[in-house]
Structures are given as C-alpha cells and as structure tokens.
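Assemble chains B and C onto chain A, guided by the hints.
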Amino acid sequence: MPLDNAPEGKRKFNVVGTRPLRPDGIDKVTGRAKFGADASAPGQLVGRILRSPHAHAIIRKIDTSKAEKLPGVKAVITRDDFPDHTGGSGGLYDTLCNVMAREKAFYEGHAVAAVAATSASIARQALKLIKVDYEVLPHVTDVDEAMKPGAPLLHKDMFTDGVDPKPKKPSNIARRFEFGHGDVEAGFKKADIIVERSFKTEAAHQGYIEPHAALASMGPDGSAELWCCTQGHYMVRDVCSQLLGIDIARLRVTQSEIGGGFGGKTTVFIEPVALALARKANRPVKVVMTREEVFKASGPTASTSIDIKIGVTKDGLITAADGVFRYQGGPFQGCSPAEFGAMSAFAQFHLDNVRAVAYDVVCNRPKTISYRAPGAPMANFAVESVIEELAHKLGMEPIDFRIKNAAREGTKSSYGPVYGPIGLGATLEAAKNHPHFKAPLGPNQGRGMAAGFWFNFGGQSCVTLNIPVDGSITVSVGSPDIGGSRAAMCMMVAEEMGIPYDHVRAIIADTSALGYNDVTDGSRTTFATGMACILAARDAIKKLCARAAATWGIPEDAVKWENGYAKPAGPNAGDFAPLSLKEIAEASPGTGGPIAGHHEFSADGAGVSFATHICDVEVDPETGRSSIVRYTVIQDAGKAVHPSYVEGQFQGGAVQGIGWALNEEYIYGKDGRLQNAGFLDYRIPVCSDLPMIDTQILEIPNPGHPYGVRGVGETSIVPPLAAIANAVANATGVRFTQIPLSPPRVLKGIEEAKKAGGRKAA
Amino acid sequence: MAKVVLWGSLRPHTGGKAEVEIEARNVQELLARLGDSYPGLQSQIKRGVSVSIDGLIYREGWLQPLKPDSEVFLLPRMTGG
Amino acid sequence: MSGITVNTKINGDPVEFICEADETLLDVLRNRLGLTGAKEGCSTGDCGACSVTVDGRLTCSCLVLGAEAEGRDIGTIEGMAQGEHLHPLQSKFLEHAALQCGICTPGFLVAAKSLLDKNPDPTETEIRFGLAGNLCRCTGYDKIVRAVQDAAKEMRSAKAKSAKTKTAAKKRA
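Chains as they are written, first to last, in the numbering used here: chain A, 1 to 762; chain B, 763 to 843; chain C, 844 to 1016.
For reference, chain A alone in the conformation it holds in the complex:
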C-alpha cells in the first residue's frame, strides 16, 4: 500500500542519495563471504545427479542396484523417492516433474536419478552404474516447429486454453493470451504507411557466475536444514516442504551470499534433491551444479517468434499496432513469459488501437525461468525495430517519432491500466539532449536507440529492527541481497531514524526468524523491503518516543522524533532536554525492556519504470563482427537510494542485453542436444568487448513510495536488443530480424544485400 498519496518529493535527504560503502563489502573483497558452495557440514556427502542424454524419452525402468552396492555410496534416489504430494497438477506438480523426471525425460539434462557418496569420484562412478531404460521419442526444440500440426507432442492432455471453442486435438500450445483496446483493423485503414515484419530471438541464459549449490541435512523425523544460494529462501522452504511432504516449520533455510541470479534463482532445481538424498542417507549432503548442468538443466529464458504490424499517418501518428508473440518455455505450461512479452511490447506508446496476442508453447528444452524483465526484451526488439523502420520511411528523426507517440500520464497503457506519472517522455527528451546523440560517427558505424518498459511490483516483505543498548541498529530482512540491497536498507533506516549510516547493520535472516518474504525479483527489494524497513523504523521511533514520554511523565503524543532525538513536541509538552537514541536505548532495560520495530505487509504501489538507450556500433564489413563503441542508458529511478548501485543496475542490464543481442544463444543439434553448454561457446560479454557504459539517472518520484523509489533492476535489459539491432541496421543498411547478430549472420546479410543491390531485410 502506498504510504502517502503524495510522495515526499521535496523532502531533503541526509543519507538517501549518498554513496556509502556497502556493509558486506569487506567480506566480499577478502574472499571471506560465504556463497552457496562455500559451506560444509561434519560428515557431509557429495551429491551428484544423473541426467537424461535424450531430448524426449519415456523412462521405462531405472535400475540402481549396482550403484547402491558400490562402497561409499550412501543413498541413491529416483522418481520413486518423490511421491506426489502436489495433487498431480499445476505449477507445483510441474516443478516436481522438473526436479526429478517421472514418466518422461522432457529435455537433454533432465534429472533422472541422484546419488550421495563419500567422495566426488565415488559419486561419479555410481552415476555410471545406474541403468536407465529409455524409449526415445521424437523431439522439437523450435517454437514455430512446435506449433505446427503434427509436431512431436509433449503432453497428450494439453488442449490450448484461452481459445473459443476449446480445441478438440491436443497440441504444444498451452495457452493463448490477448491484450489491447480499440479497433486495430479500423486503425490500419487510417494508416498511410504500414510496416509488417517477423522476428526471431534465441534463448539466452541468465549466466550468473555462481552455479546452483545446496547443502542439506534432514533427520528421519523430518526436521531439516538447508543452506543454498537463491533469490528467495522462503520460496525454497515452502516449495521443498510441499514436494517432500513435511511441515513448513520443520525446514529451516539459510540463504548464502548469492553469486548472481537475474531471475534464474527464483525456483528450485537441486534443493529438493539434496534434501531427499540427505533424508535417505541421514547425513548432510552437498550438491553443486557444474557449469554444463547450469546451462542444460537450469532455466534459460524463452526463445521466440514474433510478428509485428504497425501503421502510421504520414505526419507520424501511430494509428494501430498489432503483434503476435510466440514464446516457448520448455516442457511445462505457464513457464514462458509470453503474456508479459505481449503486455509490455507496446507499453511505451500512446495508442488508440492496439492488440497483442501471445502463445505459451512447450518444447523439449529446459524449463525456462524468469530472466530480468521476463519476456519484455524480445518483444521490445521486434516493436522498436519496426518503429525505427517506420521513422525512416516517414523521413522523420526516430527520436521525434518516438516522442510524438510516447505514452504519458493519463495514457491508457497497451496492457490496460491508465498510467500515473511516468518518466518515459523525460528519458526520451534527455536522450535527445544528450551529447552522445549529437556526436559524430566514424566509418562503418551506426547509431541506434530504443525505449523500454518494465512493470515492477511489490509483494510480501517482513522486517525486524532491533536496538541494542548502545543505540546501534540491526535490521533483519528476508530478501536476499543480490546486488547491494543491504546498503540501501541501512540507508533508509538511517534516514528515517536520523542517525549516521554506519550505526545501522542489515543482515539477511533465515526462514525461522521472520515472516514470509517474497523472492528478490520484479525489481521489488529496494522498493518493497525498503518500504518495510522505513515502516519498521517508524514503528521503532514510536516506541522510542513512548519511552521518552514515560521517562518525562508526559503523554506519548507530546513527544516528537527529530534527527535521532526524542524531543518535547511543543512548549506545552514541558521543558526537557532531548533524549538521544543512545540514551533511550541505554535506559531500555529499566524502562520496559528491549526496543524493536517491526513491519510486515504486502507492498503495492510499485511504479513502472522506463528507459531510453542510445548505442553506437561499428560493424566490420570483412567479418560481420559488431563492436559497441559507445553506449548510454537513461532511466527513471523514481529516487535513487544509492546512486552507484542504481548505475550498476543500469550498466549490468545493458551489458546483458548487449550479450543477448550480439553473441548469446542456445544452439541445438538435430539430436535435440545443446551444443554450447559452456562459457567458451556460450559467449557472454567480457571486459575487452565493451566501452564504458554511460548512465543518466532521472528521478520522477513514484507516488506509491514514501521516498518516491521505483524498482530499477530490470528495465535496463529491455532496450539493448533493439537499440543494437537499429544501430547495426544504420551501420550496414541491412535490417536484421533475428538475434543474436553474430558475425556469420551479419556477414551473410551484408553479402546478400550487396548482391541484391541495396537496402533489404535479412
């Protein structure tokens, strides 16, 4: 819920907006910080997982007898060790099927069995002794192929939802979504120019450097402890408890430091397996994924096929926008972010007539999971490519075309609701006035831009704030800190309490310490958990004032809190020397015991976030290799709590987008096996690929947050795909409709255009 209807936009901040050192910093630069794989327990075993070599196969039989007899093997588990406690359908059942394959293996890398042994080499040997009898089935990995009638069918009981009448035949299309308003056909009739194009994007992996890791112990009575790297340890606790059939309160999950997630650690993969092994062996078990397993068996994002049609009048007003968005999400329904692609695709425009149709499709690929602004970058690539092309056809500056059609306060968004105050126009204007925009370009260079959007949301947070007798403060939060959020939490508490930043210390508490906290995703942590910190601080202030009031013998409402001191609220309250936080804390044992502030809620009122990116690319005409020569991110942060980490989010998201646009892709062989499951062949950007990434933070306050904060984590990955594709088009004269823009693809496009004698689409 929003705290105030109006943000304290004019408030003067003391701590918020400064750049202090993060509280976990020393541990992270000295190697002391404990990440997922860094913990160990006495008597711990090594857990390893056997994975399907086939893209699609019925599992007839699993013989584990030989593996069980190998000395040093303490537990072997298969589907039989995961009885269904989920009711046999829905997302939780799909998670169960993904964690350990049941009737079928749905993709290469699907877990089929697991062992726990006294050493890694014994565990490896044991995996080789497990005999799995597969009946190999035809497979499909391409989204368009999967939608064709007669495609290999993953689920015999999948009948497309959301179409009327309900289909009589099963297919790989799980669901159809449609969003929009107005009359698209009528809109196109009013158009002078219409551009219609089809696009494809490949799957990209979140690419966190830390592989999934879990250390589990579980007794025969069902009491269990789990240490793991995750974006949400409360989610892990709840899901694992349900999959294993134990009470939630029996399982305590402690979150390690997390080595990157980007959405990829918002579900469970190995955690239930580690627990099941630990239960069977009755000893602690540590499971750590290899990089190959991370690529093959943890979730990348969806690959897509998209059609876009946009019509404009000759003076540059969009009359209609229409899109079809086909996203494959791996073998289970509801995993592809098709609906978010469709909802976000046209969100940056003011449109009278818009329609976006999405299809959620299943394929023989790993179960996809969120990747930073899930679904939006691909849709944005397609839409902003067409926008650029329309601007060229109109003879209009692309930026002016975008400004003319930009969504603004009061615009009915393409996904439904009407926008409140938004920062899109401001980012576009800032881009137009940015020195980058006017800088000269060299030979073989082109400039591109794109504007992008992400929803952001709030969610559940629970915070406890304790004040020891010396007046320092510990803040316990339940949101994993994935990029410096502990610093932001400390800053907001210090701001509210009126004390220095370094008097506050934030920790991530385990699941037994606090109420439920949603996963760190949706750009929610600084917004929602930060708001809970502010409210917990206000709760503590109320109690501090009450102690001061009792000390002075005056009513509680006659005391106010100012800059770290309790003071009489006015001349009528009496003449008392202010009491500092430290003095009240020191006296607390005698004035009623410890002082703590709490807040728990489900935060709403998250403000949407827009960004505009400008990018210069140089394309080598001999090799087709594209290099980023200059890059600028301009984004609305509402209010930047710690500007350095806000810039970091802008830069990091942009570079992930650059990787997706230029290099990163899942490459499948005809056998349905992933051919590039390693960092050598799945090439994420390295330092020497890039220039500095310039940033400009705009602050258009979010009315749903007391300081005006908006989530900033995700929007930055939305515009790069299109910005780069537009830059490459402007550098080469060739419009590419498929990413990544890898050198062979670009070279082929340039050569074909040469043969055809000029500008074309590839």
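Please note that a few of the clues may not be correct.
In silico DSS-like pairs for lysine-lysine, Cα to Cα no more than 25 Å straight-line [unchecked claim]:
{"no.": "1", "chain 1": "B", "residue 1": "Lys829", "chain 2": "A", "residue 2": "Lys412"}
{"no.": "2", "chain 1": "A", "residue 1": "Lys166", "chain 2": "B", "residue 2": "Lys808"}
{"no.": "3", "chain 1": "A", "residue 1": "Lys755", "chain 2": "A", "residue 2": "Lys200"}
{"no.": "4", "chain 1": "A", "residue 1": "Lys412", "chain 2": "B", "residue 2": "Lys765"}
Interface residues of chain C toward chain A, partial, derived using beta-carbon atoms under 10 Å [as the list claims (entries may be wrong)]:
{"no.": "5", "residue": "Gly880"}
{"no.": "6", "residue": "Ala881"}
{"no.": "7", "residue": "Glu883"}
{"no.": "8", "residue": "Ser886"}
{"no.": "9", "residue": "Asp889"}
{"no.": "10", "residue": "His930"}
{"no.": "11", "residue": "Gln933"}
{"no.": "12", "residue": "Phe936"}
{"no.": "13", "residue": "Glu938"}
{"no.": "14", "residue": "His939"}
{"no.": "15", "residue": "Cys944"}
{"no.": "16", "residue": "Gly945"}
{"no.": "17", "residue": "Gly950"}
{"no.": "18", "residue": "Ala975"}
{"no.": "19", "residue": "Leu978"}
{"no.": "20", "residue": "Arg980"}
The hints are simulated quantities; they were obtained by calculation from the structure and are not laboratory data. Beta carbons are placed, not taken as given, at the ideal position from N, Cα and C, and that holds for glycine.
Just chains B and C, lined up with the frame of chain A:
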C-alpha cells in the same frame, strides 16, 4: 458497481464482453463473484491474477477496498527476474 | 587411490597437504585447506573466478592439479590484505561499487593485482584486455575498470612518495 476489464483471451468466458460490472467491497469479493458469475474464469483466477485498481497494480491485495466507481483490470499474476 | 603428499607455499606460509591425483588445485584450496575465496564458476578456465597466482603468474586454479603445487608459491585472495590493511585494489573496488553479487570479485582482484604488478600504468584498453579472462555478469565491467584505474593511480603516487622519501633519507645520510 466496480467496472472490471478483462484481457482479451478471457472474453470468451464472459460471452465476449470486455467489461463486466461487479458489486464488491474488495478484491477478494470481486474475484469470488466474478468466478460465480462466469465459471469459465475460475481456472485463471485459481492460477493467479493480479489486479490494477484505478491505475495502481496490486499483485495480491485481496482485501484492497474498491470504490463503487473503481476501474479494475485483471492482469496475469506478475513475476519478475 | 593413494594420496600424494605435496609441500607448497600459500600466501607466504609453508603448507603440506595430501591430495588425490585427479584433484585440481582449486579443489585442494577449497575442500582441503578451507580457502574458499577462489570460486568455481566453470571448471574449464573460462570464467576466472578461481584465479590465483602460481610463482607470480596469473592462473586458473581449476586448470592446475593440486599435485602440481609442489615446490611452488601460490597466491590467493586470502593473502591480499595485509593484516587489517586492505590492498588499494580492494579499497577501490568498494569505493567504486565495482561489485554487485561479489562472486567474481576475488578472481578480478587477483587478476587486477597481477596486471598492475607487471604494468603499473595501464591504459583503459590494457586493463580491459588484462581482465578479459574474468567474467562478471552483474556490473557490465564499467565500475571494475574505473576501480582498477583509480587503484593504479593511488599505487603509483604512493610509490613515488616512498621513492622520494627514500631519496631524501639517502641525501640526509
């Protein structure tokens, strides 16, 4: 009566109507009555919906009060990275 | 499998350990010696999270066998700070917010130190190529490059200062 706007693919369940009017004091009541009046919507409601009330998105604000003239959009349940 | 006894030096201290023939130096550091500062991101030498120095040379410890440490001088992130004094690179990484999740940070620091030991005044391009063997997925490298530039500057001016003091001391003598 709050005005409830449905996303396109839900419309077959309401006889093609893009907007329906529901008398409800809060989101929970609204979703319950929506499911009662249009049983075809129940599967999506069960799967999870977020709502936008007068322009603000509520991921799971079941007790969020509605004004008689509130405009409510149903949205798929929000997730993120 | 019989163990191999290895005598080596880690961060200046003599260390003796027993390992199996197929164990990597990274496995030994992490699993036998409790030095978990070096991280395993790929085990194929592509990510640099396990960076250490072997006789002063920057190395992916996942590509070296534990047994190969015999008679060598190994440097890890745990040996970078001197007592309570952080190395200038460590301070500058914090100051510039050059880390977000921090999993790649030990590797980057070891690699950056190795670079500056050889080249105290690198250009931006030299820094970018010097660190190209280390992957970071959070930062986009911008703040890492700036932190290394700033640390190099500070280290140069400290060196110049101490040289000046030494010359002055010599003159007085």
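Verification of the hints:
1. Lys829(B) with Lys412(A): holds, 20 Å
2. Lys166(A) with Lys808(B): holds, 19 Å
3. Lys755(A) with Lys200(A): Satisfied, since the Cα-Cα distance of roughly 24 Å is no more than 25 Å.
4. Lys412(A) with Lys765(B): holds, 15 Å
5. Gly880: holds, 2 Å
6. Ala881: holds, 7 Å
7. Glu883: holds, 7 Å
8. Ser886: holds, 6 Å
9. Asp889: holds, 4 Å
10. His930: holds, 8 Å
11. Gln933: holds, 4 Å
12. Phe936: Because about 5 Å separates Phe936(C) from the closest Cβ in chain A, which is inside the 10 Å limit, the hint holds.
13. Glu938: holds, 7 Å
14. His939: Check passed: Cβ of His939(C) comes within 7 Å of chain A, closer than 10 Å.
15. Cys944: Because about 5 Å separates Cys944(C) from the closest Cβ in chain A, which is inside the 10 Å limit, the hint holds.
16. Gly945: holds, 4 Å
17. Gly950: It holds, given that the least Cβ distance between Gly950(C) and chain A is near 9 Å, below 10 Å.
18. Ala975: holds, 4 Å
19. Leu978: Given a least distance of 6 Å, the restraint on Leu978(C) holds.
20. Arg980: holds, 5 Å
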